[in-house]
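There are 4 protein chains.
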Amino acid sequence: MSTSIKPVCAIVGAGEGLGASLARVFAADGCDVALLSRTAAGSAEAQTAARQANPSGRTLYVEADASKAESLEAGLKSVASQLGAVDILIYNVRGSVSFKPPLESSCDELREILDVEVVGAFAATRAVLPAMLERGSGTILYSSATAALRGSANGLLYATAKFGLRGMAQSVAKAYAAKGVHVAHLRLDCDLDVPIVRQMRGASFKKENTAQTDDVAQTYLWVHKQPRSAWSNEVELRPYTETWTI
Amino acid sequence: MSTSIKPVCAIVGAGEGLGASLARVFAADGCDVALLSRTAAGSAEAQTAARQANPSGRTLYVEADASKAESLEAGLKSVASQLGAVDILIYNVRGSVSFKPPLESSCDELREILDVEVVGAFAATRAVLPAMLERGSGTILYSSATAALRGSANGLLYATAKFGLRGMAQSVAKAYAAKGVHVAHLRLDCDLDVPIVRQMRGASFKKENTAQTDDVAQTYLWVHKQPRSAWSNEVELRPYTETWTI
Amino acid sequence: MSTSIKPVCAIVGAGEGLGASLARVFAADGCDVALLSRTAAGSAEAQTAARQANPSGRTLYVEADASKAESLEAGLKSVASQLGAVDILIYNVRGSVSFKPPLESSCDELREILDVEVVGAFAATRAVLPAMLERGSGTILYSSATAALRGSANGLLYATAKFGLRGMAQSVAKAYAAKGVHVAHLRLDCDLDVPIVRQMRGASFKKENTAQTDDVAQTYLWVHKQPRSAWSNEVELRPYTETWTI
Amino acid sequence: MSTSIKPVCAIVGAGEGLGASLARVFAADGCDVALLSRTAAGSAEAQTAARQANPSGRTLYVEADASKAESLEAGLKSVASQLGAVDILIYNVRGSVSFKPPLESSCDELREILDVEVVGAFAATRAVLPAMLERGSGTILYSSATAALRGSANGLLYATAKFGLRGMAQSVAKAYAAKGVHVAHLRLDCDLDVPIVRQMRGASFKKENTAQTDDVAQTYLWVHKQPRSAWSNEVELRPYTETWTI
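One line per chain: the protein sequences are Y, S, A and X, in this order. Per our numbering: the first sequence = residues 428 to 673. Per our numbering: the second sequence = residues 428 to 673. Per our numbering: the third sequence = residues 428 to 673. Per our numbering: the fourth sequence = residues 428 to 673.
No lab work stands behind these hints, which were simulated from the structure alone. None of these values were measured; they are calculated from a predicted model. Treat the hints loosely; a few may be bogus.
You can't tell identical chains apart in this list, so a pair holds if it fits in one copy or across any two.
[What the hints assert, rightly or not] With a cut-off of at most 20 angstroms between alpha-carbon atoms, the simulated DMTMM-like pairs for lysine to aspartate or glutamate come out as follows:
| hint | residue 1 | residue 2 |
| --- | --- | --- |
| 1 | 606 | 635 |
| 2 | 652 | 635 |
| 3 | 652 | 456 |
| 4 | 527 | 539 |
| 5 | 495 | 536 |
| 6 | 504 | 531 |
| 7 | 433 | 561 |
| 8 | 634 | 443 |
| 9 | 495 | 539 |
| 10 | 606 | 661 |
| 11 | 433 | 456 |
| 12 | 652 | 500 |
| 13 | 606 | 618 |
| 14 | 652 | 641 |
| 15 | 504 | 561 |
| 16 | 606 | 642 |
| 17 | 504 | 490 |
| 18 | 606 | 531 |
| 19 | 504 | 492 |
Build out the structure end to end from the sequences listed, making use of the hints.
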């Protein structure tokens with residue numbers, strides 16, 4: 428009979444790739460880890476990663492659909508009831524993004540991506556904030572992308588959503604930082620080394636030109652650990668090979 | 428019996444204040460002006476302004492609800508059938524914004540403001556773009572605000588929406604500028620001298636600290652008139668008294 | 428015997444290209460125009476442009492070396508004594524920029540470009556400001572470039588200078604806007620159609636991909652004319668063909 | 428008889444406050460630490476901090492005047508000859524900043540701050556880069572401030588310099604990241620808890636409203652340690668109490 432005093436880290440969008448790396452890194456650091464996604468199969472890799480990284484820690488899968496605010500709220504409530512209040516929320520959902528000219532995108536598609544990327548992030552945030560405010564601490568990390576700073580000819584859907592997410596992240600930070608909640612927007616300004624990118628790039632894929640998800644996850648952990656007198660709100664990451672534009 | 432060859436300017440969100448000034452300024456410059464809003468009463472001032480500014484021009488009121496993509500599409504279709512293809516679209520809708528802490532805002536409120544500020548802008552854009560692309564010219568102007576660059580403790584709803592609008596404006600510009608469509612995001616980084624601001628500010632209201640809407644509308648007209656070898660995409664405006672932060 | 432009440436426009440860096448267009452456009456609008464550059468030959472085209480655009484206006488050439496603060500101060504003092512206090516200052520100097528890797532650039536080169544692009548702009552600003560503040564109006568326009576927002580592998584010298592210029596422009600604006608001085612930073616985010624660019628680009632030069640300097644100058648004039656309740660501080664310009672990054 | 432294989436960290440501007448914290452944190456992490464400043468007395472605190480944090484490590488004081496490129500170059504050459512090639516350069520110089528209206532600042536003052544904040548940073552960078560490029564790794568960290576993103580009415584001197592520094596940092600990063608050199612611009616968007624701030628703020632000083640320099644230094648160390656597939660170039664820091672504007 429024992430009471431866990433481990434921090435609880437809830438990862439929404441815990442699939443393969445970055446989701447699994449986040450599970451691994453936060454578990455290895457001693458967190459109990461909850462994985463939320465639409466299917467248990469989708470989070471299987473992340474769950475295994477967390478278990479191997481911290482065999483004595485608890486891992487939990489909870490079904491949740493990021494396109495439905497109610498589903499996220501219920502999922503995070505379930506996490507809290509099973510593991511305790513969430514200390515760290517990572518919103519790492521990536522909707523099915525398709526890049527195409529604005530006129531080939533519909534209003535429904537725009538609404539769908541806003542639901543998943545923006546309203547979902549807000550719903551998850553709302554679900555964990557009250558307990559964080561009550562105890563005066565907590566961390567909320569949003570996974571974002573280049574598109575949060577820059578529109579593009581074929582990226583209207585994605586840019587509109589990621590811009591919105593960035594504005595939301597700033598607002599939540601400004602509202603609750605002084606109450607001890609650390610909010611950050613992590614802008615992955617690059618390709619990640621994940622199956623979908625390997626597939627998209629095909630023969631032109633080069634590992635050196637991508638961010639390794641375990642490396643990315645280390646900075647998420649660092650942001651969580653920053654002492655509160657010196658917090659970052661916007662953090663960008665890219666591989667050393669990237670010739671980026673700001 | 429004559430055929431108008433005047434440019435057609437459609438203003439979505441053509442109420443009192445900036446809407447009426449835009450109607451006045453574009454009418455005075457020789458445009459036929461279509462005003463779209465939820466009620467004819469709401470656009471009465473704008474319609475009068477347009478008529479007085481250009482008695483020989485045509486003005487048209489069309490009912491449209493910016494929170495419903497289909498309504499905007501139908502409204503703009505009606506404009507085109509009555510006045511001819513839209514040359515200038517001004518999306519000037521302002522939802523009912525309430526400033527409050529994130530936790531006092533609901534997911535439904537976020538969805539509502541995204542529908543009006545972002546999805547509505549996209550619906551209107553989609554409705555006028557094909558004809559613009561066909562003839563290789565057109566202007567699309569989005570009214571925006573400080574909140575497009577900066578979140579705030581009580582402004583999550585508004586910031587999320589205006590950030591999204593900015594990302595959309597960049598994307599539409601990058602997709603279609605080379606085809607002759609000039610897209611701009613006009614950031615009003617200040618209070619406007621409009622009834623609602625006078626009411627909000629009460630005794631502390633000072634005319635000198637606000638932008639006059641006729642003055643603001645002049646820059647909208649200028650952006651429309653910029654020769655295509657030297658276009659602006661993001662334009663900020665504020666009164667000389669404003670001590671702003673970028 | 429008559430007293431001129433025409434506005435006085437002083438253009439520092441009034442060579443061929445944009446300098447000549449600015450001279451033409453502000454003269455055509457009714458200004459007396461003073462041209463400052465290192466040699467009369469360098470400003471000959473600008474002077475001719477101003478005279479042709481406004482045969483009844485006054486044009487004046489004054490020798491000044493933008494790399495020497497004292498020379499700029501003396502030159503602008505000379506303008507004021509001959510034409511009257513300067514109403515509009517345009518700082519349009521472009522040092523001899525060479526693009527190369529940081530390690531191939533020297534500290535002396537960095538100091539030189541900072542002297543011309545930044546300290547010179549400040550010296551010219553200081554020279555005209557007191558009279559502007561005394562009468563409560565004036566316009567100061569700084570020509571800038573993409574490099575003001577973005578460093579680049581071969582553009583350290585230019586980016587360091589243009590970033591600095593942008594910070595200066597914001598500071599001057601914030602210090603003196605409320606006293607009636609309109610300050611703007613005009614970011615030319617593109618190639619201009621000027622001899623040096625035609626030469627650099629060689630066979631790949633395409634007029635459609637460049638900003639025409641007369642078109643650019645029209646926006647400088649517009650910024651000057653903006654009513655003071657609705658001023659812009661940062662203005663970007665690029666041709667419709669440009670696929671830019673923000 | 429032994430050969431040190433410890434990384435060499437050179438801190439330019441190693442006074443009390445952040446300089447001493449950087450010395451402490453990098454020494455504690457196992458670096459040999461070189462402290463460069465105008466007087467040995469100025470670096471005494473930093474030197475003591477480094478020694479206490481890592482009694483078995485080497486610490487070295489080298490006289491250097493950041494306002495003179497040659498002095499910095501000589502100083503860093505001396506470091507390399509005594510400790511070995513520099514692995515980590517931290518440019519943490521802060522000139523004597525005085526906040527006042529633009530017209531009360533002189534061109535000489537602008538040149539002076541540009542020399543210290545910008546040309547000095549470039550001189551130091553040039554001094555350490557060749558060895559970093561030769562071995563394909565290295566870290567260069569520039570201490571910066573809010574003023575790098577935003578001009579202010581009384582901060583022209585500081586903003587012009589810090590904007591310039593930011594443009595330089597981007598350029599160096601883009602030129603040499605792919606060769607293994609990690610360059611970052613650390614924006615301290617807040618007051619630090621250092622003697623000069625305590626003095627400036629007087630009775631209104633509140634420790635909770637400032638960043639603790641040891642906490643800030645931890646993020647410098649983290650940026651240095653980021654794996655190269657996921658590097659940050661611009662990092663902002665502020666205390667949880669800060670109500671900032673971006």
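task = Indicate which option fits the pair residue 504, residue 531 if close means a Cα-Cα distance not exceeding 20 angstroms: within, between, both or neither.
result = between (38 angstroms within a copy, 19 angstroms between copies)
ask   = Given a CA cutoff of 20 angstroms, do residue 634 and residue 443 count as a within-copy pair, a between-copy pair, both, or neither?
value = within (17 angstroms within a copy, 43 angstroms between copies)
inquiry  = My question is about residue 433 and residue 456: at a cut-off of 20 angstroms on alpha-carbon distance, are they close within one copy, between copies, both, or neither?
reply    = Within one copy, since 10 angstroms is at most 20 angstroms while 27 angstroms is not.
query = Between residue 504 and residue 490, at a C-alpha cutoff of 20 angstroms, which is it: within one copy, between copies, both, or neither?
reply = within (12 angstroms within a copy, 44 angstroms between copies)
key: Identical-chain pair category, residue 606 with residue 642, by Cα at 20 angstroms   = Answer is between; shortest inter-copy Cα gap is 19 angstroms, intra-copy 30 angstroms.
Intra- versus inter-subunit Cα pairing at 20 angstroms for residue 504 with residue 561 = within (16 angstroms within a copy, 52 angstroms between copies)
ask   = How do residue 652 and residue 635 come out at 20 angstroms by Cα distance, when the copy is not named: within, between, both, or neither?
value = between (28 angstroms within a copy, 18 angstroms between copies)
query = With identical chains treated as interchangeable, where does the CA-CA distance between residue 606 and residue 531 reach 20 angstroms or less: within a copy, between copies, both, or neither?
reply = between (44 angstroms within a copy, 16 angstroms between copies)
ask   = Given a CA cutoff of 20 angstroms, do residue 606 and residue 661 count as a within-copy pair, a between-copy pair, both, or neither?
value = within (19 angstroms within a copy, 26 angstroms between copies)
message = Treating 20 angstroms as the Cα threshold, decide for residue 652 and residue 456: within, between, both or neither.
response = This pair counts as both: shortest intra-copy Cα distance 10 angstroms, inter-copy 17 angstroms.
inquiry  = As a check of your reading, is residue 527 near residue 539 (CA-CA no more than 20 angstroms) within one copy, between copies, both or neither?
reply    = Classified as within; 15 angstroms inside a copy, 26 angstroms across copies.
message = For residue 433 and residue 561, with the copy left unspecified, which applies at a CA distance of at most 20 angstroms: within, between, both, or neither?
response = within (18 angstroms within a copy, 45 angstroms between copies)
Hint 12 from the list above is the single one not met by this structure.
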